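**Q** The lines below spell out each chain.
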Amino acid sequence: MDLLIEIFSEPFIQVGLAASLILGGICAYLGVFLILKRIVFVGAALSQMAAVGLVVGHMIGHQIGLNLEALAFLFSVLGVLLFWLPVSDGSITKESLIGYTYIFASALAILIIAKDPLAEAENIDLFSGNILFVTRFDLFLISIISGLVFIVHVFFRKEFVFVTFDPTTAQTLKIPARFYDFLIYLTLGIVISVGIRSAGMLFIFSSLIIPAMIGMTLFQRLIWIFLASVISIWISSVFGIVFSYKFDLPTGPTISAANAIMLLICLFVKRFLLRSS
Amino acid sequence: MEITNRPLITFTDVSLGYGKKLILKNLNFDILSNDFLGIIGPNGSGKTTLLKGILGLVRLRSGTITSKASDIKFGYVVQRQFVDEVFPLTAREIVSMGRYRNIRLGRGLRKRDWECVNHALEIAGVSSIAHQTYRSLSGGQKQRVLIARALASEANILILDEPTNDLDIKGETQIMELIKKIHAERSVTVVIVSHLLHNIINYVKRLAFITRDRFFIEPVEEATKNNYLSEVFDCPVKVGEVSGKKVVVSNGSTD
Numbered sequence: 092m093d094l095l096i097e098i099f100s101e102p103f104i105q106v107g108l109a110a111s112l113i114l115g116g117i118c119a120y121l122g123v124f125l126i127l128k129r130i131v132f133v134g135a136a137l138s139q140m141a142a143v144g145l146v147v148g149h150m151i152g153h154q155i156g157l158n159l160e161a162l163a164f165l166f167s168v169l170g171v172l173l174f175w176l177p178v179s180d181g182s183i184t185k186e187s188l189i190g191y192t193y194i195f196a197s198a199l200a201i202l203i204i205a206k207d208p209l210a211e212a213e214n215i216d217l218f219s220g221n222i223l224f225v226t227r228f229d230l231f232l233i234s235i236i237s238g239l240v241f242i243v244h245v246f247f248r249k250e251f252v253f254v255t256f257d258p259t260t261a262q263t264l265k266i267p268a269r270f271y272d273f274l275i276y277l278t279l280g281i282v283i284s285v286g287i288r289s290a291g292m293l294f295i296f297s298s299l300i301i302p303a304m305i306g307m308t309l310f311q312r313l314i315w316i317f318l319a320s321v322i323s324i325w326i327s328s329v330f331g332i333v334f335s336y337k338f339d340l341p342t343g344p345t346i347s348a349a350n351a352i353m354l355l356i357c358l359f360v361k362r363f364l365l366r367s368s
Numbered sequence: 117m118e119i120t121n122r123p124l125i126t127f128t129d130v131s132l133g134y135g136k137k138l139i140l141k142n143l144n145f146d147i148l149s150n151d152f153l154g155i156i157g158p159n160g161s162g163k164t165t166l167l168k169g170i171l172g173l174v175r176l177r178s179g180t181i182t183s184k185a186s187d188i189k190f191g192y193v194v195q196r197q198f199v200d201e202v203f204p205l206t207a208r209e210i211v212s213m214g215r216y217r218n219i220r221l222g223r224g225l226r227k228r229d230w231e232c233v234n235h236a237l238e239i240a241g242v243s244s245i246a247h248q249t250y251r252s253l254s255g256g257q258k259q260r261v262l263i264a265r266a267l268a269s270e271a272n273i274l275i276l277d278e279p280t281n282d283l284d285i286k287g288e289t290q291i292m293e294l295i296k297k298i299h300a301e302r303s304v305t306v307v308i309v310s311h312l313l314h315n316i317i318n319y320v321k322r323l324a325f326i327t328r329d330r331f332f333i334e335p336v337e338e339a340t341k342n343n344y345l346s347e348v349f350d351c352p353v354k355v356g357e358v359s360g361k362k363v364v365v366s367n368g369s370t371d
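If you read the sequences in order, they're chains A and E. Residue numbers for the first sequence follow my numbering, so the first one is 92 and each next one is one higher. Residue numbers for the second sequence follow my numbering, so the first one is 117 and each next one is one higher.
Treat the hints loosely; a few may be bogus.
Quick list of simulated restraints, FRET-style, between CB atoms [said to hold, decoys possible]:
#1 GLU97/A - SER252/E: 25 to 33 Å
#2 VAL365/E - ALA351/A: 54 to 62 Å
#3 THR182/E - ARG269/A: 23 to 31 Å
#4 LYS337/A - SER244/E: 21 to 29 Å
#5 LEU221/E - TRP315/A: 19 to 27 Å
#6 SER252/E - THR226/A: 30 to 38 Å
Quick partial rundown of chain A residues pointing at chain E, CB under 7 Å, derived from the structure [as the list claims (entries may be wrong)]:
#7 GLN154
#8 ASP229
#9 PHE253
#10 PHE256
#11 THR259
#12 GLN262
#13 THR263
#14 LEU264
#15 LEU313
It is worth saying that the hints were derived from the structure and are not from the lab. Predicted model, so just to flag it, every value in this text is computed and none were measured. Built from N, CA and C at the ideal position, the CB exists for glycine as well.
All chains, full assembly: derive it from the sequences and hints.
**A** Set out below in structure tokens:
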């Protein structure tokens with residue numbers, strides 16, 4: 092208990108914890124849609140696109156008058172448009188397009204970093220992030236953006252669920268399925284572009300995927316899946332921060348690992364304990 | 117109830133297609149009030165495209181589709197295979213989607229909406245499983261839920277795409293009987309696509325045939341007498357009768 096008080100009385104840890112709860116929570120919520128739409132790697136590909144935006148911003152952002160977040164956002168939106176627009180030629184599937192984007196964006200990021208000595212030093216941060224070094228301004232930005240995205244999702248909740256489940260029937264009921272689909276992608280792109288710099292690609296991608304898997308392992312009703320998903324990343328964030336502080340580990344990967352272990356525990360509990368009871 | 121000659125929807129010189137590909141051309145026909153129209157044709161002939169044309173989901177390449185009635189509401193029953201079978205929703209939640217057209221953004225269902233949902237569940241015979249998850253239901257139950265969703269929208273034209281796909285013979289019959297009952301008791305116009313010919317010809321009033329270069333509609337009795345099925349499917353097809361029900365057989369030869 093003394094350890095917990097010691098850890099969480101540190102102001103920078105309080106800010107980091109708040110950032111991981113807010114960012115992790117909104118990613119966990121959006122991740123349920125990714126899993127239900129069966130497009131989990133869109134999360135990875137968009138994260139990578141946002142990363143390209145960051146390294147481009149690092150290299151030439153000051154010359155063109157755009158900051159890192161703005162460029163990360165622009166590249167995310169580019170990715171969103173790429174995945175949302177229908178692939179007209181049947182020879183290329185959406186899945187392969189997502190894979191292609193991931194590979195191309197990764198290669199671009201590495202090449203740009205190689206030619207930008209200052210960015211090279213920050214390469215590790217791009218992947219694993221450093222959520223404990225989040226500034227109060229970053230936290231403010233993360234809170235506002237996550238709050239707005241959450242409000243959009245609450246407002247359009249029934250439409251988002253309908254177009255994810257059965258877009259064709261939604262269209263026959265005069266519900267603009269393509270527009271709502273775009274909104275889902277766009278909110279995803281916005282959250283990723285805001286979170287990637289502070290939390291890193293690993294934290295963002297794992298928060299999009301693993302909590303939703305936990306929710307779906309434990310529950311069969313959508314509302315409980317959303318709740319379990321968000322709560323699981325909150326618990327993992329607390330454990331992750333404590334472990335990273337105690338054992339001097341990078342925070343983002345520790346939170347992701349804690350969340351991954353939590354999924355294993357849930358699978359074990361469901362398979363062996365609940366079945367036997 | 118008999119078909120009236122009052123056209124609900126009129127296709128005039130309509131051509132439909134996707135991108136550069138033209139699928140159906142020069143369609144001229146009416147969907148009549150209280151119609152029970154079956155659409156048949158070989159695989160890839162454009163049956164689903166025609167349904168999407170009726171629903172306004174495919175942009176017209178040429179021609180016009182006009183509606184004489186002012187209050188046409190389509191209830192679309194999508195092919196069961198096209199919806200996610202494991203989606204974490206209950207039967208009631210899925211049926212409630214039929215009401216979304218009437219609900220303002222950001223609002224939930226009102227009392228009257230839930231009454232419509234419960235009534236639709238009752239008509240489709242799935243009230244008892246309303247709170248079960250969709251994924252836990254059998255194929256026949258899932259199909260009933262999708263039909264209930266179309267009914268919840270208070271549709272006056274029911275459009276069904278292969279509603280008996282992948283069902284056993286009992287399930288097939290139950291679903292077709294349900295559709296027949298809805299048509300008869302609620303005076304709902306029904307347009308149905310199915311590749312299971314015995315299902316179609318025992319229930320519908322008129323048959324629409326789609327071939328590569330021809331589209332025509334006949335009353336079902338005329339269509340079976342004149343052996344159009346052989347022409348449409350390009351193989352010898354015979355229609356007989358067993359216990360008062362029509363059966364369709366092919367001798368397997370395409371010579």
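**Q** Evaluate each hint against the coordinates.
**A** Status of the hints after comparison with the structure:
no., hint, in the structure
1, GLU97/A - SER252/E: 25 to 33 Å, "violated (48 Å)"
2, VAL365/E - ALA351/A: 54 to 62 Å, "holds (58 Å)"
3, THR182/E - ARG269/A: 23 to 31 Å, "holds (25 Å)"
4, LYS337/A - SER244/E: 21 to 29 Å, "violated (54 Å)"
5, LEU221/E - TRP315/A: 19 to 27 Å, "holds (25 Å)"
6, SER252/E - THR226/A: 30 to 38 Å, "violated (48 Å)"
7, GLN154, "violated (42 Å)"
8, ASP229, "violated (30 Å)"
9, PHE253, "holds (5 Å)"
10, PHE256, "holds (5 Å)"
11, THR259, "holds (5 Å)"
12, GLN262, "holds (6 Å)"
13, THR263, "holds (4 Å)"
14, LEU264, "holds (4 Å)"
15, LEU313, "holds (5 Å)"
Consistency with the previously given hints fails for numbers 1, 4, 6, 7 and 8, ordered from lowest to highest.
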